[in-house]
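Same order as they appear, the protein sequences are chains A and B.
Note that the numbering used here has the first sequence beginning at 1, numbered continuously upward.
Note that the numbering used here has the second sequence beginning at 1, numbered continuously upward.
Because the hints were derived from the structure by calculation, they are not lab data.
Virtual Cβ for every residue (Gly too), placed ideally from N, Cα, C.
One should not assume that every hint holds.
Away from chain B, derived, C-beta distances all over 12 Å, residues of chain A [what the hints assert, rightly or not]:
| # | residue |
| --- | --- |
| 1 | F91 |
| 2 | E113 |
| 3 | S122 |
| 4 | F218 |
| 5 | S232 |
Listed next, the stretches of chain A that the computed footprint assigns to chain B, with coverage defined by at least 3 CB atoms under 8 Å from CB atoms of chain B [said to hold, decoys possible]:
| # | stretch |
| --- | --- |
| 6 | 102-108 |
| 7 | 124-136 |
| 8 | 191-197 |
| 9 | 270-277 |
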Amino acid sequence: MTERPLPPVLPSCTMVTRLFTRRMLAERRRLIAGITIGGFLLALLTTALYSSLGAEYDALFEEMPAALVSMLGDAELGTIEGWLQAEVFSFMGPGLVIGSAISVGSGGLAGAERGGRLALVSSGPVKRSTIVISVAITIAITAAITTGGLVFGILVGAFLAGVSVSVANVLAASLLLTLLAVTIGALALAAGAVTGRRGTSTAAAVVVAVASYCIFSFFPLSARLDSFASVSFWHLYAGGRPLTTGLNFAHVLIFAIAITAAVAVSIIGFERRDLTG
Amino acid sequence: MSKAIEMVGLTKTFGDLTAVNSLDLHIDAGTIFGFIGPNGAGKSTTIRMLIDAIRPSHGSARILGLDCHHDMVQVHAHIGYLPAELHLPEDLDGTEYLDYLGALRGCASQDNRAELIDRFDLDPTRKLRELSTGNRRKIALVQAFMHRPDVVLLDEPTSGIDPLVQHEFHTFLAGYAANGGTAFLSSHTLSEVERVADRVGIIRAGQLVMVDTIEALQAQAGRRVEIDFASVSDIRKLTAAMLSIDGVQGVEVRPNGIDVTHSGDVDSLLRAATAAGTIASIRAAAINLEEVFLNYYQAPGL
């Protein structure tokens, strides 16, 4: 130290957010790449197999119990849309994308805090809200990338198999899947921001995701519960049948409100709490 | 001299536990303040309140006149921090990590960083996961000072670092303070505090039990005089006589002599000793400050 300190020139919030987001994505690059490639292969093989297996499965579905068909999104396997709904968008695809979003949501804040990795970065001239927003953006990017693997797989598979799919509707379903995953990831973020516990954060998000899926899939089977089936994030994602009818903007808006609310709770919770690491 | 750090009634409770109890303390700019105390005394809690990682239950803290909570971003722009426990990202090497932290702090120049890396003998090209405890600590030292902060908060800065680098760090820290920087140094290494600090505060069970300058403590500590006797008439009488002398803090009896801890003049000690018997030898030495610190650590009722 040979001279007195200069007045610090602080980085902008945008720059800090970019730095945090890049770092979080870099830390999770293998996980994200693995899930994206897995999703791509799932979508590719499923789409490519539609011509040879779709009709047989359709016949099989005719004989399936209603509960099982409902679990697969009430799909009609005789159409490419129904086939993709049942095989890609009902369970496996959302599982991959939501799993990656929960991983970022719980690990990016509560996980980093518990692991002591926030201590040095949070001692810099950085608002706590900037850290939270960076994690939220990382959740969104992660969900978009992993969903992109599915979309790319479907389009390549359709091309290879010579099957015609509505690109607009696939993109609509994918956008809603991304929004569903971001919502669940943002809930993980909120639980982690409020409690500082990664386990609680992951558990809360998984419970919400599973409950949403179950409400959407099983409530319609009961005349008494049917009217409550729409009270589910899964309904916002799949209830409008985006693969056949396209994007439901009302559902997009509700997702946006839910995500905003979850991020707001995260900021307030994280601002008010003593940090553990 | 302006106050770089100021704490007023700073208190932190966790449920029934009072980790820090009504801490009133100010630290002048351009000085090194040693903050010592046993494990769990409240040292790290105090530092974590200064960086706003945890919020005081009562009271407030200011750095460079700015409130540590309400003006957190501005405060952080002026400080360097080194935590007691380090958790570094394993996928980066030293250079990448320092680049990252430097960018977060708006640290454009790398001149100071290069000087620190050279000074602390650090190889920043190695992956952080491959570094030894000492080398990880060096990374933490470099990041704490590389943006030329006005105030540094150091929690066990030299833990795990070899003596040569420790010595270099102490020299560096003295230069940092001489150039107007302020260091709040929490340490278990009492000799380190004695060597580098201008003032020392001892915290015990969350309470500040002593704050003084190193010079005042040294004067207060006095010296130990070891007197060996060829013969002595009544050791109990001699002990009582010694304890009645001004400045005598304690007397320990040995089989063939006594050790007297005192801060007054030696003449009265010698008179009492010669009156009690025949002196064989006398040795006198300044008391190590570590002993003073330990007395504060252990003193009952504080």
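Hints and how they fare:
no. : hint    : result
1   : F91     : holds, 32 Å
2   : E113    : violated, 10 Å
3   : S122    : violated, 7 Å
4   : F218    : holds, 42 Å
5   : S232    : holds, 38 Å
6   : 102-108 : violated (count 0)
7   : 124-136 : holds (count 4)
8   : 191-197 : violated (count 0)
9   : 270-277 : holds (count 3)
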